[in-house]
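Sequences are here, hints too, so could you generate the full structure?
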Amino acid sequence: MLRFPITEGFAFATDLASFRFARDAQHTHAHVSRNGAHIVFYLPAAFDMRQRTAQTWLHAAVREQLRAAARTAIVPRLAELAREHGYRYKRVFVKDLASRWGSCSELGNINLNLWLLVLPSRYVDYVLKHELAHLRELNHGPRFWAEVDRMTGGAGTAKALAREKERYVKEHVQPLFQPTRPL
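Numbered by my numbering, the letters in the sequence shown go through residues 286 to 468 in order.
Take these hints with a grain of salt, some might be off.
[Claimed, not checked] Calculated pairs, DSS-like style, for lysine-lysine (alpha carbon to alpha carbon, straight line, at most 25 Å):
id, residue 1, residue 2
1, Lys380, Lys455
2, Lys450, Lys380
3, Lys444, Lys455
[Claimed, not checked] Listed next, with one range per pair, are the computed distances between beta-carbon atoms:
id, residue 1, residue 2, range
4, Asp381, Arg407, 18 to 24 Å
5, Ala307, Arg337, 37 to 43 Å
6, Gly439, Arg348, 22 to 28 Å
7, Asp333, Gly393, 28 to 34 Å
8, Gly393, His314, 27 to 33 Å
9, Glu365, Arg335, 39 to 45 Å
10, His312, Leu366, 37 to 43 Å
11, Thr357, Glu391, 25 to 31 Å
12, Pro329, Glu349, 14 to 20 Å
13, Thr357, Phe462, 43 to 49 Å
14, Gln459, Ala346, 21 to 27 Å
15, Arg376, Arg288, 24 to 30 Å
16, Glu456, His312, 15 to 21 Å
17, Ala310, Gly371, 49 to 55 Å
If you're looking for bench data, these hints aren't it; they were derived computationally from the structure.
Ideal Cβ placement from N, Cα and C applies to all residues, glycine included.
This is how it looks when you write it as structure tokens:
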């Protein structure tokens, strides 16, 4: 599913991960350089990103790279936070979720959005702690928020972090998904 056009201007850099495109006149095929969650996606000089088939391929390739980077950078952090705060989950899935940063099932499985990589680690940790708290409270009631507060620094910190994250998303993440030039 194509939710936004990918242009050469599609790039991000946080303390956790980075992604950018570069043109490579020496190769005729696209290739990737990935160091953990830091990705450079090289495209041949003749590659036309405006074509529908190119967009379909780019979306799949970018998702694949981000999913792998999220498994490297975010899944181990989830395991670390779970140990630190006394949680046990069953499985973790990294998905391209349309409207959530993460979710937790009644079975104890955690789904994480591969787009978490566009957030600074401070907000990724908040999301991970939020999902861990759902292992004990599968709702957003007072006990749930108290549990997230316990992990994030005290009374009221969880909701403050949630508001902070949403401001960051509006200012820095949403523009990422807008075309930088018309296709």
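Now for the hints, and whether the structure bears them out:
{"no.": "1", "hint": "Lys380 / Lys455", "in the structure": "21 Å, holds"}
{"no.": "2", "hint": "Lys450 / Lys380", "in the structure": "20 Å, holds"}
{"no.": "3", "hint": "Lys444 / Lys455", "in the structure": "17 Å, holds"}
{"no.": "4", "hint": "Asp381 / Arg407: 18 to 24 Å", "in the structure": "23 Å, holds"}
{"no.": "5", "hint": "Ala307 / Arg337: 37 to 43 Å", "in the structure": "23 Å, violated"}
{"no.": "6", "hint": "Gly439 / Arg348: 22 to 28 Å", "in the structure": "37 Å, violated"}
{"no.": "7", "hint": "Asp333 / Gly393: 28 to 34 Å", "in the structure": "46 Å, violated"}
{"no.": "8", "hint": "Gly393 / His314: 27 to 33 Å", "in the structure": "42 Å, violated"}
{"no.": "9", "hint": "Glu365 / Arg335: 39 to 45 Å", "in the structure": "42 Å, holds"}
{"no.": "10", "hint": "His312 / Leu366: 37 to 43 Å", "in the structure": "40 Å, holds"}
{"no.": "11", "hint": "Thr357 / Glu391: 25 to 31 Å", "in the structure": "28 Å, holds"}
{"no.": "12", "hint": "Pro329 / Glu349: 14 to 20 Å", "in the structure": "18 Å, holds"}
{"no.": "13", "hint": "Thr357 / Phe462: 43 to 49 Å", "in the structure": "23 Å, violated"}
{"no.": "14", "hint": "Gln459 / Ala346: 21 to 27 Å", "in the structure": "23 Å, holds"}
{"no.": "15", "hint": "Arg376 / Arg288: 24 to 30 Å", "in the structure": "26 Å, holds"}
{"no.": "16", "hint": "Glu456 / His312: 15 to 21 Å", "in the structure": "36 Å, violated"}
{"no.": "17", "hint": "Ala310 / Gly371: 49 to 55 Å", "in the structure": "54 Å, holds"}
Checked against the numbered hints given earlier, the structure breaks hints 5, 6, 7, 8, 13 and 16 and satisfies all the rest.
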